[in-house]
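Peer 1: Given next are the chains, with one letter for each unit.
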Amino acid sequence: MAFKRTPQVFSASINEVVIGTGDKAVTLGGANTFPLYTFDGKAKNKVAIGVEIFDHGVDTSVPGIAEYYSGAEGIGAIAKKASQIPGADFVVLSLEGADPNGENKSVEECAAIAKEVAGAIDCPLVIEGCKNIEKDSQLFEKLAEVLAGKNVLFVSAREEDYKRVAAAAVMAYKQKISAESAVDINLAKQLNVLISQMGIQPQSYVMNVGSAAAGYGYEYVASTLDRVRSAALEQNDAMLQMPIITPVASEAWSVKEAIVSEEDVPEWGPREERGIAMEVSTAASVIAGGADAVILRHPKSVETIARLVAALM
Amino acid sequence: MGRFVIIGERIHCISPVIRKAMEEMDPVPILKRAKEQLDAGATYLDVNIGPAEKNGVELMKWAVQTIQSEFDNVPLCLDTANRKAIEAGISVYNRSKGKPIVNSADAGDRIENIDLAAANDAIVIALCSKAGVPSDNDERMMYCQEMLERGMEQGMDPTEDMWFDPLFLVIKGMQDKQMDVLEFIKQLSDMGFKSTGGLSNVSNMTPKEIRPILDSTTVAMAMYCGLTSAIVNPCDRRLIETIKSADIIKNNALYADSFLEI
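As they're listed, the protein sequences go chains U and Z.
So for the first sequence, our numbering puts the first residue at 1; every next one is plus one.
So for the second sequence, our numbering puts the first residue at 1; every next one is plus one.
Warning: the hint list may mix true and false statements.
Here are the simulated lysine-lysine pairs, BS3-like style, with alpha carbons at most 30 Å apart [stated by the list, open to error]:
hint, chain 1, residue 1, chain 2, residue 2
1, U, K163, Z, K35
2, U, K42, Z, K99
3, U, K44, Z, K99
4, U, K4, U, K24
5, U, K142, U, K174
6, Z, K244, Z, K208
7, Z, K99, U, K174
8, U, K256, U, K131
9, Z, K99, U, K4
10, Z, K35, U, K42
11, U, K44, Z, K97
Treat the hints as calculated values from the structure; they're not laboratory data.
Could you put the whole structure together from the sequences, leaning on the hints where they help?
Peer 2: Pasting the structure below:
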């Protein structure tokens with residue numbers, strides 16, 4: 001008997017969440033097949049790629065990054081350059097300078113930076129907080145207001161602050177949020193349940209189920225992504241059908257392979273190449289696991305992953 | 001494995017309210033019952049219009065469209081002895097949330113409902129009986145095989161689209177047959193088949209306060225044996241909590257602290 005191939009297309013699908021406005025708005029999610037299973041069905045939306053910049057600019061200790069952004073004066077110009085990297089779909093502004101244990105930039109200062117960034121780009125904007133629960137709640141409340149109408153995605157709403165973040169960003173200003181859990185499938189689902197029980201519609205939130213650089217506990221991320229996507233599609237679990245956004249850069253550029261200088265470990269070769277390799281391999285892995293959007297930093301990584309996505313989706 | 005499929009049984013013409021609504025084609029009571037069942041956790045809704053010999057075609061079309069348009073194309077189980085009415089219902093049925101289920105065929109007079117399901121790319125509930133209650137599992141299996149052959153001849157995918165009904169039996173009176181039914185579910189499951197059935201049969205004629213206990217215990221034991229669906233009253237909270245818990249234990253659904261609320 002001849003082999004009869006049956007495409008594995010599910011009646012369940014990943015929710016679609018739109019970020020940004022106008023022609024450059026990006027739709028995340030929509031899949032009804034397993035990631036990259038194009039033999040089962042064509043992906044509705046391609047994996048979106050975000051370029052991360054910081055409130056203080058970019059990491060100029062990496063030569064390729066410094067070179068790419070050279071001549072860009074001020075956060076607006078930097079944001080614009082970030083948005084112009086071939087393959088970039090959105091810009092991610094990380095407000096790490098707001099951390100009370102660091103520079104402790106004020107909410108107003110951050111709001112001014114965010115407004116400048118939003119004004120300089122026409123692609124969607126994603127805002128990352130400083131990871132301090134109290135400060136992030138204050139930041140997101142203010143930024144949701146000053147960025148009203150921009151359809152911004154706030155990363156992240158966690159178990160500790162989801163109520164405040166969801167109320168301020170989604171309910172008050174119709175922005176989008178990302179529910180964050182750290183490689184814990186049960187919590188990932190629970191957080192989505194709690195957010196939905198607030199009356200937040202599925203079109204208004206995505207999730208970040210955790211990330212790790214390849215080689216740094218990535219196997220846990222892989223199994224989490226697999227389990228989440230299988231629950232969403234095979235078990236039609238509405239509480240796990242949110243598109244997944246994975247911050248890759250922050251993980252990839254903070255492991256020793258991306259930090260240690262060439263002088264210290266000459267046999268490893270240039271630091272920059274190692275960082276790009278970490279970023280690209282981690283991003284490719286999470287895309288294979290089901291991420292609908294990744295956040296990257298190096299222009300070379302963005303270009304590489306964009307080529308991968310274009311070839312495979 | 002996918003989650004247990006709860007088929008809500010409460011849109012049934014045996015209920016005076018529903019009978020009246022169907023006679024008058026009044027959507028309000030029907031939509032109310034549909035909503036109650038969906039809110040309580042039903043996946044499919046059974047729509048039993050009775051024999052509907054006169055206006056079955058028109059009534060089933062109306063019921064399917066009325067319910068699906070209100071509840072995001074909720075999948076339905078079309079339940080009537082009137083074959084033309086089932087076909088008519090399927091002709092207006094939206095499949096985006098799941099295939100229609102033909103309720104039901106058996107190995108006797110109603111075997112042609114398998115052909116009907118096959119011709120319309122529907123799921124069929126295949127009751128493992130011919131006339132009356134099968135005396136033992138050998139007889140059940142014989143009927144199962146007859147229907148299986150019929151379905152396969154018609155090109156059905158028997159592991160997906162034929163849901164075998166072991167015929168749940170009333171405890172009060174047929175207590176000694178209960179383990180047979182469970183054993184048969186296990187046999188179906190081992191062969192890779194899906195199964196469903198009218199679960200509340202088991203607690204017929206027992207006191208009202210006892211029924212949820214017997215129903216939920218039966219469903220837990222049956223799910224352990226591999227039952228994949230049941231036609232039940234989703235508004236029975238104990239039963240639904242038991243099904244949801246069993247789905248968690250079977251790893252059919254991912255655990256979250258609020259799993260009983262969703």
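Peer 1: What are the numbers of the hints the structure violates, in ascending order?
Peer 2: Hints 4, 7 and 10 are the ones this structure does not satisfy, whereas the remaining hints hold.
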